[in-house]
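These protein sequences, in sequence, are chains A and B.
With the working numbering applied, the first sequence closes on residue 457, and no number is skipped along the way.
With the working numbering applied, the second sequence closes on residue 457, and no number is skipped along the way.
Treat the hints with care, since some could be wrong.
Which copy is meant is left open, so a pair is good if it fits within one copy or across any two.
Here are the simulated DSS-like cross-link-like pairs (lysine-lysine), alpha carbons at most 25 Å apart as the crow flies [as the list claims (entries may be wrong)]: (1) Lys279 x Lys357; (2) Lys274 x Lys347; (3) Lys168 x Lys407; (4) Lys344 x Lys238; (5) Lys170 x Lys457; (6) Lys347 x Lys238; (7) Lys78 x Lys408; (8) Lys140 x Lys170; (9) Lys268 x Lys390; (10) Lys348 x Lys238; (11) Lys78 x Lys170; (12) Lys170 x Lys408; (13) Lys169 x Lys457; (14) Lys12 x Lys50; (15) Lys274 x Lys352.
Quick caveat, the hints were computed from the structure, so don't treat them as lab data.
Predicted model, so just to flag it, every value in this text is computed and none were measured.
Protein chains: 2
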Amino acid sequence: MQQTLQYIESNKERYLKEVAEFLRIPSVSSQPNRKGEVLRCSQWVANQFKAIGMENVSIAPTAGHPVVYADWLHAPGKPTILLYGHYDVQPEDPVNEWKSPPFEASVREGKLFARGSADDKGQVFIHLKAIEAVLKNEGKLPLNLKVIIEGEEEVGSPNLDAFVSANKKKLAADVVLISDTSMFAHGVPTICYGLRGLAYCEIEVTGPNTDLHSGVFGGSVHNPIQALSEIIASLHDKNGRVTIPGFYDDVLKLSKAERNSFAKLPFKDSQYAKFLGVKELYGEKGFTTLERRWARPTLECNGIWGGYTGEGAKTVLPGKAYAKISMRLVPNQSAEKIATLFGKHIKKIAPKTVQVKVTYLHGGEAAITPIDSPGVRAAVIALEKGFGKKPLYQREGGSIPIVTNFKKILGLDTVLLGFGLPDENAHAPNEFISLDNFFGGIKTSAHYYYEYSTIAK
Amino acid sequence: MQQTLQYIESNKERYLKEVAEFLRIPSVSSQPNRKGEVLRCSQWVANQFKAIGMENVSIAPTAGHPVVYADWLHAPGKPTILLYGHYDVQPEDPVNEWKSPPFEASVREGKLFARGSADDKGQVFIHLKAIEAVLKNEGKLPLNLKVIIEGEEEVGSPNLDAFVSANKKKLAADVVLISDTSMFAHGVPTICYGLRGLAYCEIEVTGPNTDLHSGVFGGSVHNPIQALSEIIASLHDKNGRVTIPGFYDDVLKLSKAERNSFAKLPFKDSQYAKFLGVKELYGEKGFTTLERRWARPTLECNGIWGGYTGEGAKTVLPGKAYAKISMRLVPNQSAEKIATLFGKHIKKIAPKTVQVKVTYLHGGEAAITPIDSPGVRAAVIALEKGFGKKPLYQREGGSIPIVTNFKKILGLDTVLLGFGLPDENAHAPNEFISLDNFFGGIKTSAHYYYEYSTIAK
Chain A
1 MQQTLQYIES
11 NKERYLKEVA
21 EFLRIPSVSS
31 QPNRKGEVLR
41 CSQWVANQFK
51 AIGMENVSIA
61 PTAGHPVVYA
71 DWLHAPGKPT
81 ILLYGHYDVQ
91 PEDPVNEWKS
101 PPFEASVREG
111 KLFARGSADD
121 KGQVFIHLKA
131 IEAVLKNEGK
141 LPLNLKVIIE
151 GEEEVGSPNL
161 DAFVSANKKK
171 LAADVVLISD
181 TSMFAHGVPT
191 ICYGLRGLAY
201 CEIEVTGPNT
211 DLHSGVFGGS
221 VHNPIQALSE
231 IIASLHDKNG
241 RVTIPGFYDD
251 VLKLSKAERN
261 SFAKLPFKDS
271 QYAKFLGVKE
281 LYGEKGFTTL
291 ERRWARPTLE
301 CNGIWGGYTG
311 EGAKTVLPGK
321 AYAKISMRLV
331 PNQSAEKIAT
341 LFGKHIKKIA
351 PKTVQVKVTY
361 LHGGEAAITP
371 IDSPGVRAAV
381 IALEKGFGKK
391 PLYQREGGSI
401 PIVTNFKKIL
411 GLDTVLLGFG
421 LPDENAHAPN
431 EFISLDNFFG
441 GIKTSAHYYY
451 EYSTIAK
Chain B
1 MQQTLQYIES
11 NKERYLKEVA
21 EFLRIPSVSS
31 QPNRKGEVLR
41 CSQWVANQFK
51 AIGMENVSIA
61 PTAGHPVVYA
71 DWLHAPGKPT
81 ILLYGHYDVQ
91 PEDPVNEWKS
101 PPFEASVREG
111 KLFARGSADD
121 KGQVFIHLKA
131 IEAVLKNEGK
141 LPLNLKVIIE
151 GEEEVGSPNL
161 DAFVSANKKK
171 LAADVVLISD
181 TSMFAHGVPT
191 ICYGLRGLAY
201 CEIEVTGPNT
211 DLHSGVFGGS
221 VHNPIQALSE
231 IIASLHDKNG
241 RVTIPGFYDD
251 VLKLSKAERN
261 SFAKLPFKDS
271 QYAKFLGVKE
281 LYGEKGFTTL
291 ERRWARPTLE
301 CNGIWGGYTG
311 EGAKTVLPGK
321 AYAKISMRLV
331 PNQSAEKIAT
341 LFGKHIKKIA
351 PKTVQVKVTY
361 LHGGEAAITP
371 IDSPGVRAAV
381 IALEKGFGKK
391 PLYQREGGSI
401 PIVTNFKKIL
411 GLDTVLLGFG
421 LPDENAHAPN
431 EFISLDNFFG
441 GIKTSAHYYY
451 EYSTIAK
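Chain A with its partners taken away, still in its complex shape (with noise of 0.2 Å):
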């Protein structure tokens, strides 16, 4: 191992110039003038895997974008890694606020800026000189390794779920690893172990049957969108907790150790406060607000609208208003159960002066891998190696689909090794990856390789 990571120290500018050829490919998979493009980069990244000695390299058609799919499998009793990425990237626009050409590498004050660098070309790539690295160097690998990096994840990956489940045997595996996630902050190596699900719920308020002049009416039925304000009011208490009873049965307990973990974050209230231009947060008492965003399920209003909403006044006392509203959801929950709780309670509280329909618009479970499991166990371990520091945990509070989807098809739980940073521009001009995180990424992932095939065996 001494010697790969001997080989990784004095690859760096080969590194640098080989990801700058990835990062010229304008691979943007939303835009269909630029599918040629897209199919080029999918072939580089296949030339790639071939180059660096994968196997049974292939570009998999979809209804979209291809997969490319490689592996390397001769460790027979050693666990298998499935490793996941993406090489199609957001659009640059606007072009004219890069300081650097979108499609250019340009290392300016330690970092490597250029669209793609971070989301996810430059993740991609950690994990190809990782593999290299170790190939060239150890003869082989420490464990089986298949591949899938697909090319419409920044299009909702429309075309993936199929694929994996058309290849369900092919892509069996003990462990998902993506490299598409950030760390914590610039010099503060986490390792991400937990996500939330989502349980996505609409209501309709219905007050008269029609709408009504407000000065004829007003004052004799109850109107609608008081009626659904009085609803939304009542389903948070003076504490901030979610009233629906039976909301937090299901909840998986943070443990001592994650909270501590979690405090020991540099992150401070009152920053934050700043950053989102509010005086005061908001939230659940009893917990801090990194774990409120990540280990805590939520309440949030995502839409309202009723009445009238344009310009100026118009005097309607209206027939109807309507709500989105979900609920961020976090391991042990079930999304399901969730929203009919929601539903019943909604149900339940609605004054007899109207009435509510609740639908269910769509949900996902949270995803948690957790902190004693192999796959975080290696991650935790190579990371100290990688970046000489320990690690910190962290969860993130969204979704990602794609993890829901892998624990859904392949029932696999998946590592979230992510080496970009909060601040890193994805999806925004003068996107960046550091090149502290960038080398550091390769050699995490080549300790990788070893600890899970060690711990995980």
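Mind docking chain B on chain A? Use the hints.
Coordinates of chain B only, in the frame set by chain A:
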């Protein structure tokens, strides 16, 4: 007077023929291609006034359609009535829903059908024939009469204020008389003596400085839709009373006589609820439904919006949410003062987690012509004589801008001596005026001139 009433009785057939001429002119003020018809209609009205003996008849041009003026001022020492009406009508669409052509007067089942039969040509015609009958049979009117019949009521009277302001002296009077509203029900003569005012505001609630991902940030900031809902929910207490401090302070209380009269009107909560399609009515405890609609100030949400309001789901935690909220005011309340109380209260109750901005969009005072004022006392006697039945008092929950403006510009109260019916289909196909009210209206109007002359002297 006996002779006048006899005359009215014996001219019914002629009245129906003549009103048909008036109704035949498609004076739709909103349709530019009918500008000529609107003008022709103003000429018809002017010619009628001349024919019945009114003087100083003029067709005053405005920036839109003209105002017809006429007067009869030969009763020195006697009071002066300013009679207002309009000769323009609503469009006839959808034409195929009319059972008889919209501009052909058709009598069926005791009703006269045609566009404008009730709103307001039929009621203007009632006064034309009442004046004619009195002048023809008595040789003079018992008071001074000034008349303005405008051609833009159905498009919001955009040029009337300017006309009235420019002719303040010419229009000076003791009371304004308008026959353009409805009685409570067929066979239930009523006099409307009060209208509600309005204070219309908009609230903008700002949470974070931009729309956020509801997964990443949900649980850490106060969602502005939630904050707005909490504000709105708090504006009524459990008794349906508005919670703004001082909101009810200036309310002119209903007298026992008024409440008793309202209670005699044929109105059932259960029928009203069925008509509106609600299981239960809603409103301030301690008052009947009619009292709440007519004589109690109320607060209604006219519109609400924020976040994602399209099809399906978007996981946004919006930066802003908005509501349009108006308060209906009753006599003695000041729109300006109530809007100020509202703004102060919203600012006071807004949580520190968000910022609120309250904008006062517009407002107007309530109107009342007290039941013991000469104008209303005369109406009560005239209605009893005209319909052979003691009339009841009623108010309206909406505002009539013309009434507010006559008060503002000329300092005059208005008597609303309406002969329409609530189901008259004004603005809809098959508009009608009941023949009972049409002929009863002519008699009542003739009586009114005499009664007012006696009482207000």
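Outcome of the hint check:
no.: 1; hint: Lys279 x Lys357; result: between (36 Å within a copy, 15 Å between copies)
no.: 2; hint: Lys274 x Lys347; result: between (38 Å within a copy, 21 Å between copies)
no.: 3; hint: Lys168 x Lys407; result: within (12 Å within a copy, 80 Å between copies)
no.: 4; hint: Lys344 x Lys238; result: both (22 Å within a copy, 23 Å between copies)
no.: 5; hint: Lys170 x Lys457; result: within (20 Å within a copy, 103 Å between copies)
no.: 6; hint: Lys347 x Lys238; result: both (22 Å within a copy, 19 Å between copies)
no.: 7; hint: Lys78 x Lys408; result: within (24 Å within a copy, 91 Å between copies)
no.: 8; hint: Lys140 x Lys170; result: within (21 Å within a copy, 106 Å between copies)
no.: 9; hint: Lys268 x Lys390; result: within (21 Å within a copy, 76 Å between copies)
no.: 10; hint: Lys348 x Lys238; result: both (20 Å within a copy, 18 Å between copies)
no.: 11; hint: Lys78 x Lys170; result: within (16 Å within a copy, 104 Å between copies)
no.: 12; hint: Lys170 x Lys408; result: within (16 Å within a copy, 83 Å between copies)
no.: 13; hint: Lys169 x Lys457; result: within (20 Å within a copy, 102 Å between copies)
no.: 14; hint: Lys12 x Lys50; result: within (21 Å within a copy, 102 Å between copies)
no.: 15; hint: Lys274 x Lys352; result: between (43 Å within a copy, 14 Å between copies)
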